[in-house]
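Asks: Chain residues, written in single-letter form:
Protein chains: 2
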Amino acid sequence: MRVANFNGGPGSLPVEVLEEAARDMMDWHGTGMSIMENSHRSKEVVAMVDEVVADLRALLNLGEDWAVIFCQGGASLQFAMIPINFAGPGGHCDYINTGLWATRAYKEARICGSNPRLAATSEDDDFTHIPDVFDFNPEAKYVYLTSNNTVRGTQCQHFPTNAPAPLIADMSSEFLSRPVNLEHFGLIYAGAQKNVGPAGVTVVAMRRDLADKARLDVPTMLSYPSYIKNDSMYNTPPVWNIYISGLTFKWLRRTVGGLENMAATNKIKADTLYGAIDGSSGFYRGTARPGSRSSMNVTFRLPGEDLDKKFKKEAQSEGLVGLGGHRSVGGLRASLYNAVGRDSVDKLVEFMAEFQRRNG
Amino acid sequence: MRVANFNGGPGSLPVEVLEEAARDMMDWHGTGMSIMENSHRSKEVVAMVDEVVADLRALLNLGEDWAVIFCQGGASLQFAMIPINFAGPGGHCDYINTGLWATRAYKEARICGSNPRLAATSEDDDFTHIPDVFDFNPEAKYVYLTSNNTVRGTQCQHFPTNAPAPLIADMSSEFLSRPVNLEHFGLIYAGAQKNVGPAGVTVVAMRRDLADKARLDVPTMLSYPSYIKNDSMYNTPPVWNIYISGLTFKWLRRTVGGLENMAATNKIKADTLYGAIDGSSGFYRGTARPGSRSSMNVTFRLPGEDLDKKFKKEAQSEGLVGLGGHRSVGGLRASLYNAVGRDSVDKLVEFMAEFQRRNG
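Which chain is which? The protein sequence lines are H and E, in order. Numbering follows the working numbering, with no gaps: position 133 of the first sequence is 146. Numbering follows the working numbering, with no gaps: position 22 of the second sequence is 35.
Read the hints as simulated data drawn from the structure, not as lab findings. Hints are not guaranteed to be accurate.
Identical copies look the same in the list; a pair holds intra-copy or inter-copy alike.
[To be verified] Straight-line distance between alpha carbons at most 30 angstroms, and here's what the computed DSS-like set of lysine-lysine pairs gives:
#1 Lys242 to Lys56
#2 Lys360 to Lys325
#3 Lys56 to Lys325
#4 Lys322 to Lys280
#5 Lys56 to Lys360
#6 Lys56 to Lys326
#7 Lys323 to Lys280
Whole structure, please, built from the sequences with the hints as guidance.
Replies: See below:
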C-alpha cells in the first residue's frame, strides 16, 4: 500500500510516473530493452533527452537565450562548479546566507579559491527568515542564493532586483513548484530528488551570455560550456534519472496543466497545513517566521521533544511518513512537494487534530 | 520482445534485475513507496547501500584495507579526481595509453595542473594492442591504465608488476567480468553503465593507505576521503543507480555463482564469436591483435564499409542490436557484457554465417 510521503528529499514522485516507468521496464518504446540498456547516443534516447529539455523550456518559459543542461553530483557539486566557472581564483562573489545549504555553498567557494562574501545572512535569527536587506559587493561576479531552505522551512517570497551581478539560485527544493520571474537570474539549478525525479541528476538552466563568461581552464566535467557544447553528452549522462525527471515534466504539463496550476494546488496544501498549525492554540508551533514560510517544507514543533517523537511515531504507523525534521535541527517537517497530493495533506491535518485531542 | 543487446554502453542488464525493479516500483521493501522516493538516510536505504558494498566486497574479495565508495560523473570525472587527489599541481603521474579513454584521462591530468607522462603507448599501432614494455617515472605518484579498451576491443591480459607506484585502473567496460589480482593496485573504478547498472554511478574501490595520501585542499565532491568518511553520503547519492547495481551484484553472486563462473561463461561467449570471425576465411576480420583481444568488446570488420553497414542494418532487423563500432572508429563491435546471454552470441554467430553465405 502506498503511504503519504512527506520526505524532505528524496521525496514523493507522481504515481503515473512510476507506473509508466514500471510498465516500460522490459521494453522501452519498442526498443526491446529497458531505457537503462539503450545507448545514450541512440536516436530514441537523444530524442527523449531533447523532449525533456523542450518540456522544461515550456514549463519555465525559457527562450533560446537560455541553455539547459544535466549535471551529476547534486547541489553539492554545483557549490564548487559555480565559483570555479564564474569567479575563479581570488574572484569576488556574493552569497545570501539563508541556512545550511547556502552556508555550504559559501564555504565551498572558499575551498575552490574564490573570494566569497556574505551580502546578507539570517544566521543571528537562527535562519528562521529570509533576509531582505543586502550589502552587495559591486565587484561580485554573481550573487548566490538558496531560494527555499529545506531545513528551516523558509522560502524567498521575492528576489533581489538591485544585485550588481546575475543571481544564481539553488532552487532544488522548490523547483517547478511555482512560476518564477527569471529576469535577474543568470543560472538556476535543482538537484532532481526534491521535486522532480530520482537523486543523481541536477537540472541546470543558465543564460548563454553568462555561460560565455565561464573560465575555460577547468576540468572538463566541471565546465558548464562543455555541457552546453555537447548537449550534456560529453560522456554518458544519467539517462534513467533524466528520463524519470522528464516523465515528471510531462505530468506537470499534461496532468497538472503548468506551473500556475501547480502553484495554486501547492498554495492550498500549504494553507491547509499552516492553517492547522496556527489554529491549534499553540499546540503546534511553526518554526519559520510567517513572512518567510515555505510552501514546500512546513517545519513545526509540539510542546516538548517527547511529543515530537510520539507524533512522528504514531503518524508513521498511520501511513504518514517522513515527518522528522532535518537531522541538524530536529522537530517535525512536512515536505509538500508537487507530487504530494491534497489527500495526503488532509490526512495529516486530520491526524494532527486527533493527536492534539489525545495529547493536548 | 526483448532483443539481443550488444550495446557498448550503456549495455545489457540481467532480466531478473529489471523484473525485480519493475515489481518493486510502487512499493519497495514494504516502505509504501518506490526506492527513488525513500530518504537516503532511512534505515532501509542505508541497509541497502551497506549490502551493495558487502556484495561487492565479497565478489572482489576485498579486505578491510580497501574502501568502497560511489561517485557520480562517470569515468570522466574520475579522470580529474585522480590527479587532483593524488598528484596535485605539478605532481608527477604515469599513464599507459591504450586508446581514447586513456588519452582523455592523460589530457585531463594536464588540465588539472598535474604533470602526467606516458609510460607506454600503442598509439603508433592504432591502439590495436596493449603495450607491455613500460618506461616508468620513479617520481610518479601513481600509474594509470584502462584495463579494457571499449573502442578498439583490447584488454589487458596481465598487469604491470614493477610499477614504482600503485596502479590505478579504469575497469569500466570489464568490471566484474573476471577475477583480478589486485595486489599491485591502489584504486580501481568503473562507470556502472558498461557492466553492472545504469549510467549515473561510478563504483570506486581504493586501498585505504592510498586514500590517506590524498590531498585535502580540494572541492568536497572531488575529495575521495570525504566520500569514505561519509559512507558516500556527504550529500544524496544516486540511490536508484546504486540499487540497480546492487541487484546485479546479487545476480552475480547467487545466479551466476561468482566471478570465476562469470569469467568461464564470458570466455565461452568470446571464444564462440572470435571463432566465428577467425573461421570465416577472412570475410570477418578482427581488428585487435590476438594477444590483446578483449572478452568484452569484440571489434571486427567486413570487406568494405558498405558491407559493414548492410550487416548492421540486417542484424538490427533480426533483433541483434547495438553492433555499430564506436563513432570514433566505425566498423562493427559486439559487446559481450556479463548480462549478454550465450543464446544472444549463438544467434549472432548464426546470423554471421548466414550473412556471409549471402554476401561472401
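Asks: Hint by hint, say whether it matches the structure.
Replies: Right, here's what the structure says about each hint:
1. Taking the closest pair of Cα atoms, lysine 242 and lysine 56 come within 30 angstroms of each other only inside a single copy of the chain (18 angstroms); across copies the shortest separation is 41 angstroms, beyond that limit.
2. Taking identical chains as interchangeable, the C-alpha atoms of lysine 360 and lysine 325 lie at most 30 angstroms apart only when both belong to the same chain, with a minimum of 14 angstroms there against 57 angstroms between chains.
3. Proximity of lysine 56 and lysine 325 under a CA criterion of 30 angstroms is satisfied inter-copy only: 15 angstroms between copies versus 48 angstroms inside one chain copy.
4. Only within a single protomer do lysine 322 and lysine 280 lie at most 30 angstroms apart by alpha-carbon distance; the minimum there is 28 angstroms, versus 57 angstroms between protomers.
5. Taking the closest pair of Cα atoms, lysine 56 and lysine 360 come within 30 angstroms of each other only across two copies (25 angstroms); inside a single copy the shortest separation is 45 angstroms, beyond that limit.
6. For a Cα distance limit of 30 angstroms, the shortest separation of lysine 56 from lysine 326 across copies, 14 angstroms, qualifies, whereas the shortest one inside one copy, 49 angstroms, does not.
7. Taking the closest pair of Cα atoms, lysine 323 and lysine 280 come within 30 angstroms of each other only inside a single copy of the chain (28 angstroms); across copies the shortest separation is 58 angstroms, beyond that limit.
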